[in-house]
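Colleague: One line per chain: the protein sequences are V and U, in this order.
Residue numbers for the first sequence follow the UniProt record's numbering, so the first one is 1 and each next one is one higher.
Residue numbers for the second sequence follow the UniProt record's numbering, so the first one is 1 and each next one is one higher.
Derived from the structure by calculation, the hints contain no laboratory data.
Check the hints yourself; a few may be wrong.
[What the hints assert, rightly or not] Selected chain V positions facing chain U (in silico; Cβ < 7 Å): (1) GLU11; (2) LEU309; (3) ARG400.
[As the list claims (entries may be wrong)] Now the stretches of chain V that chain U is said to cover, found in silico as 3 or more residues with beta-carbon under 8 Å: (4) 62-76; (5) 238-250; (6) 294-302.
Backbone N, C-alpha and C define an ideal beta-carbon position, used for all residues, glycine too.
2 protein chains.
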Amino acid sequence: MRAGIVVTGTEVLTGRVPDRNGPWLAEELRRLGVDVGYVVVVGDRPGDVTSALSFLASTGVDLLLTTGGLGPTADDLTAQVVADFQGRPIAVDPELEQRVARIVERLMARRGWRADADATAAGVRKQAMVPRGATVLEPVGTAPGLVVPPAEERTGPPVVVLPGPPGELRGMWPAAVAAAPVRAVLAGAPELRQETLRMWGTLEAQLAATLRELEPERTGLEITTCLREGELEIVTRFPAGGQPAYDRFAAELAGRYAGTVFSTGPTLDDLVGEALAARGLTVATAESCTGGLLAARLTERAGASATVLGGIAAYANSAKEQLLGVPAGLLAEHGAVSPEVARALAEGARTRFGADVGVGITGVAGPGGGSAEKPVGTVHLCVVGAGTELTRALALPGSRSAVRNRSVTMAMHLLRELLLGGPPA
Amino acid sequence: MRAGIVVTGTEVLTGRVPDRNGPWLAEELRRLGVDVGYVVVVGDRPGDVTSALSFLASTGVDLLLTTGGLGPTADDLTAQVVADFQGRPIAVDPELEQRVARIVERLMARRGWRADADATAAGVRKQAMVPRGATVLEPVGTAPGLVVPPAEERTGPPVVVLPGPPGELRGMWPAAVAAAPVRAVLAGAPELRQETLRMWGTLEAQLAATLRELEPERTGLEITTCLREGELEIVTRFPAGGQPAYDRFAAELAGRYAGTVFSTGPTLDDLVGEALAARGLTVATAESCTGGLLAARLTERAGASATVLGGIAAYANSAKEQLLGVPAGLLAEHGAVSPEVARALAEGARTRFGADVGVGITGVAGPGGGSAEKPVGTVHLCVVGAGTELTRALALPGSRSAVRNRSVTMAMHLLRELLLGGPPA
Numbered sequence: 001m002r003a004g005i006v007v008t009g010t011e012v013l014t015g016r017v018p019d020r021n022g023p024w025l026a027e028e029l030r031r032l033g034v035d036v037g038y039v040v041v042v043g044d045r046p047g048d049v050t051s052a053l054s055f056l057a058s059t060g061v062d063l064l065l066t067t068g069g070l071g072p073t074a075d076d077l078t079a080q081v082v083a084d085f086q087g088r089p090i091a092v093d094p095e096l097e098q099r100v101a102r103i104v105e106r107l108m109a110r111r112g113w114r115a116d117a118d119a120t121a122a123g124v125r126k127q128a129m130v131p132r133g134a135t136v137l138e139p140v141g142t143a144p145g146l147v148v149p150p151a152e153e154r155t156g157p158p159v160v161v162l163p164g165p166p167g168e169l170r171g172m173w174p175a176a177v178a179a180a181p182v183r184a185v186l187a188g189a190p191e192l193r194q195e196t197l198r199m200w201g202t203l204e205a206q207l208a209a210t211l212r213e214l215e216p217e218r219t220g221l222e223i224t225t226c227l228r229e230g231e232l233e234i235v236t237r238f239p240a241g242g243q244p245a246y247d248r249f250a251a252e253l254a255g256r257y258a259g260t261v262f263s264t265g266p267t268l269d270d271l272v273g274e275a276l277a278a279r280g281l282t283v284a285t286a287e288s289c290t291g292g293l294l295a296a297r298l299t300e301r302a303g304a305s306a307t308v309l310g311g312i313a314a315y316a317n318s319a320k321e322q323l324l325g326v327p328a329g330l331l332a333e334h335g336a337v338s339p340e341v342a343r344a345l346a347e348g349a350r351t352r353f354g355a356d357v358g359v360g361i362t363g364v365a366g367p368g369g370g371s372a373e374k375p376v377g378t379v380h381l382c383v384v385g386a387g388t389e390l391t392r393a394l395a396l397p398g399s400r401s402a403v404r405n406r407s408v409t410m411a412m413h414l415l416r417e418l419l420l421g422g423p424p425a
Numbered sequence: 001m002r003a004g005i006v007v008t009g010t011e012v013l014t015g016r017v018p019d020r021n022g023p024w025l026a027e028e029l030r031r032l033g034v035d036v037g038y039v040v041v042v043g044d045r046p047g048d049v050t051s052a053l054s055f056l057a058s059t060g061v062d063l064l065l066t067t068g069g070l071g072p073t074a075d076d077l078t079a080q081v082v083a084d085f086q087g088r089p090i091a092v093d094p095e096l097e098q099r100v101a102r103i104v105e106r107l108m109a110r111r112g113w114r115a116d117a118d119a120t121a122a123g124v125r126k127q128a129m130v131p132r133g134a135t136v137l138e139p140v141g142t143a144p145g146l147v148v149p150p151a152e153e154r155t156g157p158p159v160v161v162l163p164g165p166p167g168e169l170r171g172m173w174p175a176a177v178a179a180a181p182v183r184a185v186l187a188g189a190p191e192l193r194q195e196t197l198r199m200w201g202t203l204e205a206q207l208a209a210t211l212r213e214l215e216p217e218r219t220g221l222e223i224t225t226c227l228r229e230g231e232l233e234i235v236t237r238f239p240a241g242g243q244p245a246y247d248r249f250a251a252e253l254a255g256r257y258a259g260t261v262f263s264t265g266p267t268l269d270d271l272v273g274e275a276l277a278a279r280g281l282t283v284a285t286a287e288s289c290t291g292g293l294l295a296a297r298l299t300e301r302a303g304a305s306a307t308v309l310g311g312i313a314a315y316a317n318s319a320k321e322q323l324l325g326v327p328a329g330l331l332a333e334h335g336a337v338s339p340e341v342a343r344a345l346a347e348g349a350r351t352r353f354g355a356d357v358g359v360g361i362t363g364v365a366g367p368g369g370g371s372a373e374k375p376v377g378t379v380h381l382c383v384v385g386a387g388t389e390l391t392r393a394l395a396l397p398g399s400r401s402a403v404r405n406r407s408v409t410m411a412m413h414l415l416r417e418l419l420l421g422g423p424p425a
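Just chain V, with the same shape it has in the complex (with noise of 0.2 Å):
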């Protein structure tokens, strides 16, 4: 079972937007035992969403879903160009208007706005547009979304035609799922699993070897590596059949490379997030160069307030002095930018926080700020607690923002170290 996916709008082509919806969608149909082959961007041109829409119809994919293009303006083209592909004619269904209508309502009467009264009843009828025999999909936000099969006389796979927000194209999935020309398709889709190893410290080429050596494609294992921030990740799709080759495989990339796998699935962040639970440990963070990316980024995971402490983002030295007691003297003698301050840094955030595990990172991100000494991408990080401390000094090359998500990288790595030992970071 195959799928393809037609991502509409100019701002996700154009890069002003992230596409979010192409891999999620990709990721709910692998559970569901859909491979999608192809995510389509494409501008919001009428002819170019066409012309996406007849490619992976001819690539024999068993569904297609589109993302975008339902809001009231005249560049929300979707439903109407679906509709044609299909072949159905579209017309406004009255029920549907009168439900959007109440929607936007509601929402400009909470938003405090006003606008024209026409205008509105003009994008509600728009969006209230439903090809012939296609199943509306109720908003999530104000656009429905559709499932549009193709017109009696013809063959294809059925159009699942979904809104550009992320959040409004999760909420209305499961109505989608449940949609009887998906459910069809779904009918006689295979389970498919997909399992990760996550490497530190292995470089690429010397796996590349071992994965020609292994031959786990004769065994029926589907195996792409990616080199990420540093980290090296397997991901190994296969039929539920295929889990013993699977096992056997994992066994042995983990015996072979017992020095640098150090996970089996879980990212590194879920490994130190709940390290940091199981074991009743606190943390917080002091950080310069990267300003609060990883106070920031520890506090993603839900339920974060019960290890995280918080962190201080210092960039002017006067507060690393004030907020940190980072002692003067040191700042004058080794610089900011100097193992020496990132462990001040790291005992600082332990001591005024009342940390358990204290972290450290001063740097210099650049553009700007480098010195023949210490150019742009010098990184020191320290991570103190729990009767350790982990030092690293890092040359970083790339942009402003490389050295800051690297930084904040390696600091994750640093934490994982010192809470569940494994690969040095």
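Once you have looked at the hints, place chain U on chain V.
Modeller: Same frame as chain V, now just chain U:
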């Protein structure tokens, strides 16, 4: 002039890694006068990559680009697929092989990694495979890029083959643009301009009615609107000759929506950052539910250290009291999530960091922690400084991450209002 982009990588297709290359390339190409019609995301399967290339070529594009699939592992197959697609035989380039080998050696030495010599050599050889007649783009990481024209007897667009890691791709881009087959395409491209208006507080349907009335497309303007985090973004693209038409359109909109248009170009973050710098003001933050996200966002801009003193993520109540001076009585009487505590946080941030402007955020991000009186999504914000105080109480829908992000955006709008006036946040 039109281009099509094929983004390869099962990790991108399944959402484990967001695609940062397609949108970046689309924007770079736009600057060069080339309009990107499609971005197709495919997994690491040769047949799918070939289908995507064929589809894009069939739409009549002048230039094809691929990203990813240039690593040393077996699932890295782009060079071979593109060679086949263009009808060119492929072989190892011995000099390139030596250059890549030296890069890999240096990389491993720097990281202190060891790997099997044969395995490394096999990976290097794979990365040095070049289709006959192709231009080699020197590696920025370990992977070379390619510009592959169609074989002599064929017609069709040249294919620019770029690596997947965004830093490598961006570093290689100038060389790609300078390659003769790409230069030949770009020589025919006209200038294509893009302008943006940003509104806060107007309903999309209302704007849609205005656009229907003004009919900007009649004057050659291509307009897309996008609702994002409550902000309405109106992006217009036009050939250089359309500038007067655009200026009239923008003036008309700015006149009709004087109360809600807050920018004729710069992003919210740039407006706030530039206003702080222009007025010589400093800012500090105190965050509860957003846990450092606002500080991280404020410090994302280069040069932020001149205006951002820092921030405190005070997750625990004890941290709010001890580090930010929020009175225990206030917390007991009103609860941590209250307008009173938001104000005390903002004042605390200002005082503790000695900043001109302080921001306080406190709320229930969920999924736990809500109550009947203060459900998940309840957030209070306060911005104080420059002789003014602005507060906001929000009842936000959506996930933990949606609540956190929207709260931070609202704080940025409050800062904008405080610093620049204009539409109320």
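Colleague: Each of the hints needs a verdict: does it hold here or not?
Modeller: The hints, checked one at a time:
no., hint, in the structure
1, GLU11, "holds (4 Å)"
2, LEU309, "holds (4 Å)"
3, ARG400, "holds (6 Å)"
4, 62-76, "holds (count 5)"
5, 238-250, "violated (count 0)"
6, 294-302, "holds (count 7)"
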